[in-house]
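Engineer: Assemble the whole structure, with the sequences as input and the hints as a guide.
Counting in the working numbering, the sequence shown runs from 540 upward without gaps.
Please note that the accuracy of each hint is not assured.
[To be verified] For lysine-lysine, the following BS3-like pairs were computed, each having C-alpha atoms within a straight-line distance of at most 30 Å: (1) K883 to K1149; (2) K804 to K701; (3) K930 to K850; (4) K676 to K804; (5) K753 to K1149; (6) K1160 to K1176; (7) K783 to K753; (8) K940 to K958; (9) K1149 to K836; (10) K753 to K1180; (11) K1133 to K699; (12) K804 to K699; (13) K1090 to K676; (14) K930 to K883; (15) K1090 to K958; (16) K1070 to K1034.
Simulated from the structure, these hints should not be mistaken for lab results. Note that the structure is a prediction, hence the values are computed from the model and not measured.
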Amino acid sequence: MQLQDVTVVGKTGEEYKTISKTDIKLRGINNSQEILRMVPGLFIGQHQGGGKAEQIFVRGFDCDHGTDILITADGMPVNLVSHAHGQGYADMHFIIPETIESVDFQKGTYNVAKGNFTTSCFVDIQTRNALTNNTVKLEAGMFDTYRALGMFNLLNEKAKAKQQSLYVASEYAYSNGFFDAPQYFNRFNFFAKYNGKISKQSYATLSASTFYSKWNASGQIPDRAVENGMIDFYGAIDDTEGGKTARTNINARLTTTLPNGSVFKNQIYFTSYNFDLISNFTYFLEDSINGDQIRQKEHRTLVGYNGSYNKTTYLNNTQFTHEMGIGVRHDFVKNLSLAHTVDKDIIVNRLSYGNVHETNAFAYFNESIKFSEKIGLNAGLRFDQFINNYKDHLLNDTLQKAAAAIVSPKLSLYYYPNKNNQFYVNVGKGFHSNDTRLCVIENGRKILPPAYAADIGMVLKPTKQLLVHAAFWYLWLQQEFVYVGDAAIVELSGKTERKGIDFSVRYEPVASLYLDVDINYAHGRMLEEAKGNDYIPLAPIWSSTGGVTYKTKKGWNGSLRYRWLSNRPANEDYSLTAEGYFVNDVVLNYTTKKYEIGLTINNLFNVKWKETQFATESRLKNEPAPVEEIHFTPGTKFAAKISCSIFF
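Structural biologist: In structure tokens form, the structure reads like this:
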């Protein structure tokens, strides 16, 4: 693929698809963290070296682990509601990166098919329907880092001729990490997928996967402990932190084309999930004898259905595309627990303990109108109903209930002067739900805070080798209550306002050289606080990513990339600063039809940087008084890794 082959014109609502398709073809996905980094302006931070879901930053939001970004994989939700560690927790580590076919996304609240958590952005990951060949891959790197991958076709050429495919993929990863205390990180993944034509009108897709991960962690450490020499930059106050998690999925989809040309899609999915996390954020603040270690646990069963009907009709020269959809998901979370512990297993006291039943039923209608080759309109309306039940084991299994509903309208206008340029205006309403444990306390009030957003943007291709995307955006978020899973408390946050600019450039000066740069600015403030005390903690302000990718016909390909995140406020009055960073990574591969040899270097110049940071009040052992300051998890040191892949 070359940039000169890319056209800008597409369906309404796909203003980012040109960028995403170009990046994934010309840059590729080299590791699991690159999945989300395919979204321009999106930054991630890992708290525990690969064990937990990443912390996500985009469009002026600290999304925590997924509160304000919707992530789906083959139409199945990744976000988990009322999660033990945080609302919308989105652990993507059950996805094997080599199985990914595409990463689609749209910033804002404008896609009517996307509901809960779609405030800042949604990301839709699609895995391959078939493999082009079998693959065995081995990786080895610094800090005792190893990975093995196998991907195999299970059907012969006769089956392929009948438009059927079946493949399996599996990986095992191990690393001790770059911290002073070894992590003993383990991860196992298995994935199988069938795709085939089962009749003249119908295609069926069935996939199954299972994932398990276990690790130790050094946790977040306070600035003062590093500055006074108590521990190293990569040290730990409590190196007994860590966890284990597992997820098993079954996903079935049926796509039927009816005689009148309309398309009917049905999907059912099932997830079984376990989570067990040990953390210590404040050390000896609450308990000067036993320490403040906490344990968060849950066992979850998630089931759901998605259905849609799509039909295109014409009136004179005007094209109408009608889409209707319905769906439901139900989460049953058993023994959702937060406990104060010692040595991981000894419970000092339980702070929260109960069962959750949460149901989200929805319906939507979307109308896309193409008035001509140059003008299009997209209008949609979505309805969501939530039913929340919580059985509190700490209150004699008292059953508490709540229910709420929300309607979300969307509208987009598109203008295509030619196949190389697009201008658009999007407006829409979105929302994110809150934890069931909060919903029942509030009796259903203020548990679905809406977000109102607008985008004005353009996608331009002034030359065959140059692609530019620019957007001016605005987002207003209503007053909301936030349940903090780490403390079983409710934090009140008032109305907030965010606005900013997204700017992306893709340039291919010659056929073998690809340059990309994304620059993003966001200005966010709390609207109900006094000036100077109205900063949104950890909200990104300036950020940029980019790189140079070089590919030759002889098989050599390489990429030099950078990530830059500016300083940002760590608290409301900006008296504490979350320090920015500038980090470079390198990927170099030599690829033939039968094998590939690769080298990956993270943090090429070995800079010291803080990957995640928080303003936290803590007390070290024997300290006379608590101190509020920056607590951080360091980013990786210089880390080199080699790989060898065999294709057959």
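Engineer: Now look at each hint and say whether the structure bears it out.
Structural biologist: Quick rundown of the hints versus the structure:
1. K883 to K1149: 27 Å, holds
2. K804 to K701: 21 Å, holds
3. K930 to K850: 44 Å, violated
4. K676 to K804: Distance ~35 Å between K676 and K804 Cα, so the pair is violated.
5. K753 to K1149: 23 Å, holds
6. K1160 to K1176: 28 Å, holds
7. K783 to K753: Holds - the C-alpha atoms of K753 and K783 are around 4 Å apart, at most 30 Å.
8. K940 to K958: 53 Å, violated
9. K1149 to K836: Holds: K1149 and K836 sit about 28 Å apart, inside 30 Å.
10. K753 to K1180: Holds, at about 21 Å.
11. K1133 to K699: Holds: K1133 and K699 sit about 21 Å apart, inside 30 Å.
12. K804 to K699: 23 Å, holds
13. K1090 to K676: Satisfied, since the Cα-Cα distance of roughly 21 Å is no more than 30 Å.
14. K930 to K883: Holds, because 25 Å separates the two Cα atoms, which is no more than 30 Å.
15. K1090 to K958: The given pair, whose Cα atoms are some 27 Å apart, holds under the 30 Å limit.
16. K1070 to K1034: 14 Å, holds
Hint compliance for this structure: hints 3, 4 and 8 are broken, all remaining hints hold.
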